[in-house]
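Enquirer: In order, the protein sequence lines correspond to chains A and B.
Quick note: the first sequence uses the numbering used here, first residue 1, plus one each step.
Quick note: the second sequence uses the numbering used here, first residue 1001, plus one each step.
Hints in this document: simulated from the structure, not taken from any laboratory.
Quick caveat, the model's predicted, so the values are computed rather than measured.
We treat Cβ as the ideally placed atom computed from N, Cα and C, and that holds for glycine.
Facing chain B, from chain A, some residues (calculated, C-beta under 10 Å):
| no. | residue |
| --- | --- |
| 1 | ALA127 |
| 2 | LEU139 |
| 3 | PHE304 |
Covered stretches of chain A (chain B as the covering partner; in silico rule of three or more C-beta atoms under 8 Å from a C-beta of chain B):
| no. | stretch |
| --- | --- |
| 4 | 110-123 |
| 5 | 130-136 |
| 6 | 140-151 |
| 7 | 284-292 |
Given next are the chains, with one letter for each unit.
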Amino acid sequence: MTNPTGNSHALDREHADQIFRRLAWLLGISVTSYFLLVPVLGLNIAFHFYMMLWITMASAFNVSSGFSGYMPFGFVAFYGVGAFTTAILVKKAGLSIVLALPASGLAGVLLSLLFAPTLRLSGIYFAIVSLALAGICRLTISNLPEELTGGSFGLQLGSRAEPLQAFYLMMGVMLIALATILWLSRSRLGKALRAVRDDAEAADMMGINVGWVRLKGWMIAAFFPALCGGVEAWYTNIVDTETAFNTLITAKTVIYAVAGGLGTVTGPVVGAIMMSWLDELIWRRFPLINLLILGVATMLLVLFLPRGIVGSLLRARPQWRRFIP
Amino acid sequence: MSILILNGLVNGLIVGAIYAMLGLSLSLLYGVLRVVNFAHGELVIAGSFAAYVLFSVAGLPPLASAPIAAVCFFLFGWLAYYLLIPRLSRSDDPETMSFLLMYGLSITLAAAMLLAFGADSRSIDYEFNPVSLAIGPVYIATARLYALGVTIVITLMMGWFLFRTLPGKALRAAQMNREATQIVGVNIVRLSALAFAIASGIAGLTGVLIALVFPAFNPFSGAEYSIIGFIVIVLGGLGNPVGALIAGIFYGVAEQMASVFLPQALAQIVGFAILVGTILLRPTGLFGWRAMR
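Here chain B stands alone, though its shape is the one from the complex:
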């Protein structure tokens, strides 16, 4: 039993690291744009398909396609921002309309992937050598370890970017107070485009990692990851990247532990229940005191 728990804990950490990536990109987007990206999960799955195509057509291993996916999705996000978001502010109720817009984008992306790849579940049969490593009594798939490594690298890079560079500081400032950031002379439109692009880039990269860590994906798995992303950012306090990181890992561990002790379907309900419970009881998130400070 204890080995099961240990296994659940280790896998929870790895899965949680991926959920933390989902949360990081989503909270960056929400923090700066105040837009909830219903299409985030579809972007992520599009990243998985990108890795799939690069592997099956060009024979590129997933780790090599990760930076390619990140750059492509960064550019896509940049373009999508200028195509979609500026028009939103002209409507009477930008918040509601942004839900609908992103909802439309998510349907569009899922349908496009359905047309291109069919409804079957896909997976990348790339194998690392060795397939798994023994750390103490626990065996871990090498692919998962690499995925964990990538998430740590990304987190460190994002930390450096957000806390040490001028554009990163501007992004954090915009999360705290959009108007004041404009007053000190930051071009908020370009900054928002940057946030959208970075979030999309991380989403694409997360998709590659998901193709490595989870057994299969299909055009409709996107909705699942969107919801996980929502759960994570709500737990972490909306628009708080550090909170999202911690909440992602927390949620990953909770989910994997729940699947050790509970039947599969019940474990899924646990996730939704955590979300509803948090919103109703602690709407500022588990680390709400941080967001309010």
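So that you can see chain A by itself, here it is in the shape it has in the complex:
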């Protein structure tokens, strides 16, 4: 380079940004076109519906765990509350899904505001409290009057949802989630979140409103699982507390996100796609030991690939960190 250093630095940065933007577009277009082709090629719609659901869940979890440094082991609370909000609004209030779904997202955000005091905890305390709060949500909903939540039988939505409609709806939710998180990773808020995660006191000194930044990240992380719960309730036509608040939902979300690598936009997407395929292959052959394999896979991941696929790649090639979303 013959340019003066300052100028070349700026050029270099612009160049890196350009590559980043291209890769982001490439990611967006390839994910969109892949899922758009699913119905056209007559592939398994249910399988891909859940793949998109897990991509969304893992990506939202990543906002909390990767960007903000909180491990919510009760992540399923947002999902379950979203599922019940949609179910009640569609079944009891007779709303259409287009109106009920945003209300579910809102319910998730409201719940996150209710849980906001827990954000001053960290590490183990936050993890345990989050687990307990999910338990409280499940118990509260199962003790609400039966006319509202359907008691132990659950709620039948009677929504006559076309699988294909639900598929496109889920795709819309996933794309909005990915776009939001892509924006977040580059935005001022995203940088502030990472700064707060790494050193809250230093971030405070730099003039970042620590509490407010954490709260915003937390609300984003709560919004999307609530939407996922809503879409899934509409798709399967039934909700009950046992499945909507199943800890396995948290388990899968956490494992898929970690498998891809926390802290990057691509990580959870790669992890969710890969693990969904793995899950599908295992399920087909050995439905019984599915849970066992999930548990063993988690332990092996933590022990041998703690940074996940994308994280390990970035560790080996740190110079790519600037380009990869």
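Position chain B relative to chain A; hints supplied.
Expert: Okay, now just chain B, sitting in the frame of chain A:
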């Protein structure tokens, strides 16, 4: 009414003694390793299943299988430590990774028990003779009295071990200050393995007692006991075994009294609410002044 309250109090003490065992082992583990064992409840239930197998296959009464379970789980814990924990320190964020690791272990154990025993609830139909004893106006199941006796013996043994023997003193030292303990020449890896093994041993034994005291168990009851264990160690101040003992009994009594006055589901919420409230209001635990001293 007063007889109900008295009953609740007595049963609360017995159930609380078992919760105290959960808390004791969990706080020992957290104190030395700084690892929160999400798999603790599953280990406990594995102990219940061990008692179940020993009873239905070999005809051993639960009290005889208790020491066998304790030794087996001690060895399992020792092995599991060397397999799992040392690798953790290589990751960027050992604390988060330890949650995930233990989470994976808990899923694995629950799934293994599900495969081996099915999802049905089990119980051991071993009966003591007489089935229950009258103490004043209160009838208590003999099984529960034996369980209480075992917890007292274990507590005394652990007290002697922690306060009178050299390895026990090293464990307490490591809880207070890990680095300083290393400086005076304690092999922290072996000490941690010992803590993990003892905690697992007590967990297995607690499982046998749970099979005696509670009506039934299934592969998924583990999560419940993990959460109770968390509640107890948080109440007692993390990593404080004495606090955990007191908190366990306190929580057992509170839970049993709540179930006397409140409907079942609400009583469960009370437990969670105690946990959340304590963490938010008094994060050092009910006896926080002790932990800080």
